[in-house]
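Which chain is which? The protein sequence lines are B and V, in order. Taking our numbering, the leading residue of the first sequence gets 39, the next gets one more, and so forth. Taking our numbering, the leading residue of the second sequence gets 41, the next gets one more, and so forth.
By construction, these hints were calculated from the structure, which means they are not laboratory data. There's no promise every hint is true.
Pulled a few chain V residues facing chain B out of the computed Cβ check, cut under 10 Å [stated by the list, open to error]:
#1 Tyr60
#2 Val61
#3 Met229
#4 Ile251
#5 Leu254
#6 Leu255
#7 Thr256
#8 Met261
#9 Ala263
#10 Gly274
#11 Thr275
#12 His292
#13 Thr293
#14 Gly295
#15 His302
#16 Asn551
Values in this document were obtained by computation on a predicted structure and should not be read as measured data. Beta carbons: idealized from backbone N, C-alpha and C, even for Gly.
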Amino acid sequence: MAVTVRDLAPPPPKAPPPDDRGPGGPPPAPRVTTRVGVWLLVGAVSLFFLALTSALLARQAGLDWGRTSLPRILWLSTAAILASSALLEAARASLRRDHHEGFRRRLQVSALLGVGFLAAQLTAWRTLVHQGVHLATNPHTSYFYLLTGAHAVHLLGGLVWFGAMVRATRRGAADPERIGDFAVYWHFLAGLWVYLFAVLFL
Amino acid sequence: MAAADLRVHEAHRESFWTRYVFSQDHKVIGIQYLLTSFVMLLIGGALAMAMRVNLAWPQSGILQADQYLAAVSMHGTLMVFFVLTPALLGGFANFLVPLKIGARDMAFPFINMLSYWVFLLSALVLLASFFVPGGPLNAGWTAYPPLSALPQAAPGSGPGQSVWLLSIAIFCVSSLLGSLNYITTILVMRTPGMSLGRMPLTVWGIFLAAILALLTFPVLMAAGILLLFDRHAGTSFFVPTGLVVGGEVIRHTGGNPLLWQHLFWFFGHPEVYIVILPPMGIVSDVIANFARKPIFGYPAMVGSMVAITVLSFVVWGHHMFVSGMHPLLGTGFAITTLLIGTPSAVKTFNWLVTLWRGKLYFSTAMLFALGFVSTFVAGGLTGIFLGNAAVDIPLHDTFFVVGHFHLVMGVAALFGIFAGTYFWFPKMFGRMMDERLGRWHFWLSILGVYGTFFPMYYLGLAGMHRRIYNYQAFPYLAKLQPVQVFITLSAFLIFLGGLVFAYNLFTSLANGPRADRNPWRGTTLEWSADSPPPHGNWHGEVPRVYRGPYEYSVPGAREDYLPQWLSPVEAGVEVRH
Chain B
39 MAVTVRDLAP
49 PPPKAPPPDD
59 RGPGGPPPAP
69 RVTTRVGVWL
79 LVGAVSLFFL
89 ALTSALLARQ
99 AGLDWGRTSL
109 PRILWLSTAA
119 ILASSALLEA
129 ARASLRRDHH
139 EGFRRRLQVS
149 ALLGVGFLAA
159 QLTAWRTLVH
169 QGVHLATNPH
179 TSYFYLLTGA
189 HAVHLLGGLV
199 WFGAMVRATR
209 RGAADPERIG
219 DFAVYWHFLA
229 GLWVYLFAVL
239 FL
Chain V
41 MAAADLRVHE
51 AHRESFWTRY
61 VFSQDHKVIG
71 IQYLLTSFVM
81 LLIGGALAMA
91 MRVNLAWPQS
101 GILQADQYLA
111 AVSMHGTLMV
121 FFVLTPALLG
131 GFANFLVPLK
141 IGARDMAFPF
151 INMLSYWVFL
161 LSALVLLASF
171 FVPGGPLNAG
181 WTAYPPLSAL
191 PQAAPGSGPG
201 QSVWLLSIAI
211 FCVSSLLGSL
221 NYITTILVMR
231 TPGMSLGRMP
241 LTVWGIFLAA
251 ILALLTFPVL
261 MAAGILLLFD
271 RHAGTSFFVP
281 TGLVVGGEVI
291 RHTGGNPLLW
301 QHLFWFFGHP
311 EVYIVILPPM
321 GIVSDVIANF
331 ARKPIFGYPA
341 MVGSMVAITV
351 LSFVVWGHHM
361 FVSGMHPLLG
371 TGFAITTLLI
381 GTPSAVKTFN
391 WLVTLWRGKL
401 YFSTAMLFAL
411 GFVSTFVAGG
421 LTGIFLGNAA
431 VDIPLHDTFF
441 VVGHFHLVMG
451 VAALFGIFAG
461 TYFWFPKMFG
471 RMMDERLGRW
481 HFWLSILGVY
491 GTFFPMYYLG
501 LAGMHRRIYN
511 YQAFPYLAKL
521 QPVQVFITLS
531 AFLIFLGGLV
541 FAYNLFTSLA
551 NGPRADRNPW
561 RGTTLEWSAD
571 SPPPHGNWHG
581 EVPRVYRGPY
591 EYSVPGARED
601 YLPQWLSPVE
611 AGVEVRH
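With the sequences and hints as input, model every part of the structure.
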């Protein structure tokens, strides 16, 4: 029997991806799946911080804004998180060149710099508390503690992920795709910190 | 085929717990979401009945003033966050997305399971607020400060309000986990041939609603955290200077309660589209099926849903016309609000034209789909009035608005959920629902909702305040009591219809006639799977897609429809140039 032209519309271009896990097994998820998920996560977290910082910008116009001087150590934390991001990229470059030893070392140092960032943030909070600057001292400090705290929580989540990755590479498993998924989130956190730093202090 | 069947059973001998409770199967998770939503619907409905008794017969004293406020607030919270949202972006999204796009499961099955359990936790936390000192929140589902920010402001502003904020924060996490999954799944897991232009409109509706949820729930989360800080850490994000509560001056200074309204409605307005876009899709699928016609103007249907999604980000200010804003800003919000009526009208037109000269079959699913169109119009038209700031200002705090949003958003979305339940119940459970009881459910519901919400327009125009415990304190409102009695009696009909539905649901689960694969002669991929589909959805290979989703009444086809999965050779249609 003949066939309509319209019906032929999608000539099945190529064979479907091999599905040897069979029916009922885990779904064959394409490799980009996690990457798409990470980007969506980045989008959602961005909106969260955009909401908070737009509230800050609206409040900044108020007479009671107040202004806390910048704890010096925040420059150090900024340097740490940027260096961590750069080293992660260097690690990925080593992996691409199949230089596994360099990859592992750079990955570990990058993770340590992440921990260092968190330690610097903690020190900044302690310094301020010692100076008698608290959450409710004035609107600026309220937003300062809130934004840095929320960023630290997201970074802590990133560090857990980072730790899992470092552990996996010690066992010799280094999947460039999985590292790339993580790198999207990690670079985002670094960029987010620079943005928050600018909004809070510039 | 036999070998494949065998493998399914060999590979998946799971315990009761991993199969039905801590399941990572999208279908089980979808049903869990849906059934939880129905339980919450019963509670939210019961609260509405208590409020209605109080409004019809204020002297009965069934609710104290603070209990009345708690009932209003919990009714709204339950219906929006714990019925409409999870039934659609949880129940139907989970059950339908993989089946309709030809995937074996969601992109992240574990995260999917987590999203349900986090959702259940948020629901239990919310219900716990019935048992804290002072009872549940009093500030309404929108939780405006300063009422919601100062624990001493009302009985429900104490622990009940904190528990509410906690519950909503947990809900935001669950929503994020869910929408991440739906978007990723739709983007990367479609079967070969399932281009975006061939996706059923239900999938489009869920996809766009998930994008809205992904981008707006974080804003609600941010607002909630600010409010928690104001309540418990002494900050002043929302509490203005110089408030006096109970004779005492509040120590907070300089906050702005309008900030909460901006953040809340930046989420809150997209939220109403989160609960209306999926029903728009469901209704399109049901109407095309029972009219046996292709949906009219598929590209316009998709385009209008995209337009609604984009516009919904810039209309939130129309909730705040009475809060005071710069006239220019108000005009801007009025214009965007009226603009969003255009794609809504395009959709309504297309549904009506799809019905035009179709072979209509009035199944219960079809009746509820038509009910959706009807209430969407009856509620939507008054939205055009309210979109004008000048008209909104006198009407905003009256029952006019209550009638408007219940018809266009609450009832319409609920009718979409009912239409979807009757339509996909055979696929979910392998049994048919009782159509006779279904008709009782529908007619009780449609008479009930029009009897309830239409007179509210009249009440609103007559000046009936919408947040008032005892309107009989005002002589000009006391005269309106007979209307309130009529509304309450009509509301009882809706609740009665709901009980019929619950009875139908349980008896059909146990004794409904067995359903075959494709009881409605549908064209989309879920109808090519068993009823109910096995874990992994299809024995053997996943079907591929050869055509659009609405090939009904195709000239020359052997039957009157061509399913998406039928290859051209199998379809065997004559060439006609």
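Verification of the hints:
no.: 1; hint: Tyr60; verdict: violated, 16 Å
no.: 2; hint: Val61; verdict: violated, 19 Å
no.: 3; hint: Met229; verdict: holds, 7 Å
no.: 4; hint: Ile251; verdict: holds, 9 Å
no.: 5; hint: Leu254; verdict: holds, 5 Å
no.: 6; hint: Leu255; verdict: holds, 5 Å
no.: 7; hint: Thr256; verdict: holds, 7 Å
no.: 8; hint: Met261; verdict: holds, 6 Å
no.: 9; hint: Ala263; verdict: holds, 7 Å
no.: 10; hint: Gly274; verdict: holds, 4 Å
no.: 11; hint: Thr275; verdict: holds, 4 Å
no.: 12; hint: His292; verdict: holds, 9 Å
no.: 13; hint: Thr293; verdict: holds, 6 Å
no.: 14; hint: Gly295; verdict: holds, 8 Å
no.: 15; hint: His302; verdict: holds, 8 Å
no.: 16; hint: Asn551; verdict: violated, 28 Å
Consistency with the previously given hints fails for numbers 1, 2 and 16, ordered from lowest to highest.
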